[in-house]
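Build the full structure now, drawing on both the sequences and the hints.
One line per chain: the protein sequences are A and B, in this order.
All residue numbers for the first sequence refer to the numbering used here, where the first residue is 1 and numbers rise by one.
All residue numbers for the second sequence refer to the numbering used here, where the first residue is 589 and numbers rise by one.
None of these hints come from the bench; they were simulated from the model.
Among these hints, one or two may not hold up.
[Said to hold, decoys possible] Part of the chain A face toward chain B, derived, beta carbon under 7 angstroms:
| id | residue |
| --- | --- |
| 1 | Ser19 |
| 2 | Gly69 |
| 3 | Gly398 |
[As the list claims (entries may be wrong)] Simulated DEER-style distance windows between Cβ atoms:
| id | chain 1 | residue 1 | chain 2 | residue 2 | range |
| --- | --- | --- | --- | --- | --- |
| 4 | A | Ser369 | B | Glu759 | 46 to 54 angstroms |
| 5 | A | Phe537 | B | Gln1002 | 52 to 60 angstroms |
| 6 | A | Pro285 | B | Tyr1045 | 29 to 37 angstroms |
| 7 | A | Glu512 | B | Tyr1045 | 20 to 28 angstroms |
| 8 | A | Asn53 | B | Gly884 | 48 to 56 angstroms |
[To be verified] Anything over 10 angstroms on all C-beta distances counts as not near chain B; from chain A, calculated:
| id | residue |
| --- | --- |
| 9 | Glu179 |
| 10 | Ala362 |
| 11 | Leu410 |
| 12 | Leu440 |
| 13 | Gln490 |
Glycine included, each C-beta is placed from N, C-alpha and C at the ideal position.
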Amino acid sequence: MSQATDTTVREDGVIESVSGPVVTARDLDAKMNDVVYVGDEGLMGEVIEIEGNITTIQVYEETSGVSPGEPVESTGAPLSVDLGPGMLDTIYDGVQRPLEVLEEKMGSAFLDRGVDAPGIDLGRTWEFEPEVEEGDDVETGDVVGTVPETASIDHKVMVPPDSEGGEVVAIESGNFTVEETVAELDSGEEIQMRQEWPVRQERPTVDKQTPTEPLTSGQRILDGLFPLAKGGTAAIPGPFGSGKTVTQQSLAKFADADIVVYIGCGERGNEMTEVIDDFPELPDPQTGNPLMDRTCLIANTSNMPVAARESCVYTGITIAEYYRDMGYDVALMADSTSRWAEAMREISSRLEEMPGEEGYPAYLAARLSAFYERAGYFENINGTEGSISVIGAVSPPGGDFSEPVTQNTLRIVKTFWALDSDLAERRHFPAINWNDSYSLYRDQLDPWFAENVADDWAEQRQWAIDTLDEDGELQEVVQLVGKDALPEDQQLTLEVARYLKEAWLQQNALHEVDRYCPPEKTYRILGAIKTFNDEAFDALDAGVPVDEITDIDALPRLNRIGTTPDDEADDFVDDIESDMTEQLRSLY
Amino acid sequence: MKEYQTITEISGPLVFVETDEPVGYDEIVEIETADGQTRRGQVLDSTSEHVAIQVFEGTEGIDRQSSVTFLGETMKMPVTEDLLGRVLDGSGNPIDDGPDIVPEERRDIVGEAINPYSREYPEDFIQTGVSVIDGMNTLVRGQKLPIFSASGLPHNELALQIARQASVPEEEEEGEDTEFAVIFGAMGITAEEANEFMDDFERTGALERSVVFMNLANDPAVERTITPRLALTTAEYLAFDQGYHVLVILTDVTNYCEALREIGAAREEVPGRRGYPGYMYTDLAQLYERAGRIKGQGGSITQIPILTMPSDDITHPIPDLTGYITEGQILVDRGLNSQGIQPPVDPLPSLSRLMDDGIGEGLTRGDHGGVSDQLYAAYAEGEDKRDLVQIVGREALSERDNRYLDFAEAFEEQFVQQGYNTDREIDETLDIGWDLLSMLPEAELNRVDEDDIEEHYQDDVEAEVTAD
Ligand SMILES: Nc1ncnc2c1ncn2[C@@H]1O[C@H](COP(=O)(O)OP(=O)(O)O)[C@@H](O)[C@H]1O
Ligand SMILES: [Mg+2]
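What follows is the structure, given as structure tokens:
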């Protein structure tokens, strides 16, 4: 979190009451959303209500043992994050304290209280290369220089948003800490690499544009049927065990974003550990560098203080906006937004606010939409374009999508990946229900796929959708009369659909090849199934019985394309297509 | 320490007291009744003039004249290795007539969260000897894997079987001697059930390396909210200070949640789903997340909480919130139980989220993942056909469908069924899996590698004959 450097701490209030994460203080001179330090141990908190002489504070740390009468100090500044090089390849808690530094400072694997740490390392030096010269005019947002933050990412040092701008009078390359001045303006203003920004406030941009490029994910069902746009929003609701986290992690690994901000909000500790272990080892499919080089992790696990769960999504999106300002495409995953909503509910109930639906505060919908609104494809104030795509997992109680968090999220997001426990139970993964899911970006992304993958991308997809629809209807009949009672052409459709599901829609996130499927391969697998479909119906028309058609031995190989390495997949598909064709034609 | 005689209100498990000195949140309180009994409680709300106290041992006998002392500290558990072999009540007092416990240390029972950066990802395969677990829902060291059961089902037999048979084959091979401990936390179970556990522990000699915490059905309900915390604090000490591999069995989490609901209602809180407190997710997480491994430390905490699903409903808030926190679940099924399957675990809704990193070449066997996936898919398909056969009859089904029906039946009778005293090696489990998969046509096996099919798939006798 930001170490409000220039604000002096005044000791000006006393604790009046303590109830879990909510503390009230008397005589505190503070504004709404100011950061305060609570009690003798100086626990960090934020002002969330002011009523007369009583200030209500949500505390970001455990409050056991804290008593009335202890002091409260206000910093006079709102909850902010430190922005600058060093955020990538780092894991933070919900208020941007680096967990590695906390481990060191606390000398323990357990999270102690009252320890603070700056969001970016103040001692480390970075190699600064100017992008402007003395005499150039710069305005707010302009890039004055770059720093190689990781092997993948050049960090752009920008004139901060609150600057007046002016003429550069001094700038040179060299090694600097984030607090040292790298450029000086004629106004006397000094520019450092480090900025601060209040997390609950959106960073400024010029304009939001309609997204036209997909955020390709390497997941066949997503790219193929329900694509997300760069700058788009998506929700993944599903009961426990249906694949929310695995899908989020697959996106974090394989989406073609420049920067990934991954927020573990109120979920399992080991899931964050898994990311910390895996990401440095896995290559980014675009650059080949370790994935961690483009990733910033934020962890407020389910047993960490609940108030910091409320703030972690804001910490994350503010960091995302900062990289967006540099002109990068950022993808942000929040797993799970339901835990964030529940944190709101818990705090709200301690404030004895009037509860809305299912005990959630009345402002739930407003908070959710304000958060997702921070996503988009933007024209930045420095003239570059950047995007933030937001993918939120939703954890509905009992898997029932009619609950308030799912419903309010659905009103906002444009891509809906509905997870299905029935599919998960039969280990059909990703367990994304192809009937219930949708993407409203499909049409606006089709031109990109036509240009970059295949002309008939959209047509082929439509064929897949139609076949799956027909399959859905036929399955209902099969449930009543059995498959053998259907006419042969319908039996054949069922077989084709079975391959669509098994060879195309299913994808094993744990298989080292199958976990990532480039769009070209997604297209080829679908093409192979369509080839079978077309040839098989010709054979059927020529009088070949359906059992013989589905018995050809080239057919089961369709299921092996996904696990065939990308550089062999083309030849493999060619072979299957010609074998299927040959074998089917030899039947008549 | 100041003594107050200023109780203003007693309501259910709560006592409200006027104070004139500040009292810390969560602090421990002693209340002495007129007839000299002492009750302990904990501060739930603290303001400068009054506090709300939740009394662990029940409020019966407390009146406005009772005296209240604030101990100036939060609840502590005295920990020492000497706890091994001891039986304590739900508040941590010995009830086994053993010697006094001389603690090494007194630890706060709330427990601090493990820094996710400091965790070590669990990936050591624990062989439980139960095929449906080892083969399809593998347990690893440091995992939290609850048993979702319901009243009248044999979850205790299963938990005991796991506790008896659990071993780490890799270490045994290497001759490492690992110190293993069991912590048993009973919350509101019947004396009969408790005896079932105690008898088994005594019979097998497990008691010597166990610490037992007993809050029984007739013990105070509110005490149930601290019993698991005492148990887990002890577990943490043994695991992360003394290097033990600790297995924690907590039963029955449903009773724990009922106690939470009771306190919430007494405080007149806005209730969440079905009357349970809105913070129950966070509260349960503070128990379940106290499992795991820590970088650079030898020990581990593996948790097997048991819960009974009210009206067998998995969407009930107790199993639901649990499933959202734990690393999977093992489902005990009423239907399989009435078929006489032992243990009656239904693999389809069961899951082990940590399975993938604990199995495979060099850990268990290279074909493990594929076999598991294929068994899942095939059993699910067989279950579908059962629905269908009800409607159309077996004759109307295709040959393929009939094979799946036969498979599902054989799977239940040979793979899931094994009895509570059979301890199967992982190789045996996987071989049974292949025997069953060989009932299906080879072309149907699309989840296993072709090489593995080559090695393990048995062409049926008929096919062999014609091939010759
Ligand atoms: N795409 C996938 N490929 C393979 N296994 C998957 C996939 N998605 C989910 N799983 C399996 O399902 C389990 C639960 O998935 P997870 O994402 O943790 O569920 P959720 O977050 O919805 O509770 C995982 O541990 C994994 O075994
Ligand atoms: Mg999850």
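Hint-by-hint comparison with the structure:
| no. | hint | in the structure |
| --- | --- | --- |
| 1 | Ser19 | holds, 5 angstroms |
| 2 | Gly69 | holds, 4 angstroms |
| 3 | Gly398 | holds, 3 angstroms |
| 4 | A:Ser369 <-> B:Glu759: 46 to 54 angstroms | holds, 53 angstroms |
| 5 | A:Phe537 <-> B:Gln1002: 52 to 60 angstroms | violated, 41 angstroms |
| 6 | A:Pro285 <-> B:Tyr1045: 29 to 37 angstroms | holds, 34 angstroms |
| 7 | A:Glu512 <-> B:Tyr1045: 20 to 28 angstroms | holds, 23 angstroms |
| 8 | A:Asn53 <-> B:Gly884: 48 to 56 angstroms | holds, 49 angstroms |
| 9 | Glu179 | holds, 25 angstroms |
| 10 | Ala362 | holds, 13 angstroms |
| 11 | Leu410 | holds, 20 angstroms |
| 12 | Leu440 | holds, 29 angstroms |
| 13 | Gln490 | holds, 14 angstroms |
In this structure, only the earlier hint numbered 5 is contradicted, and the remaining ones agree with it.
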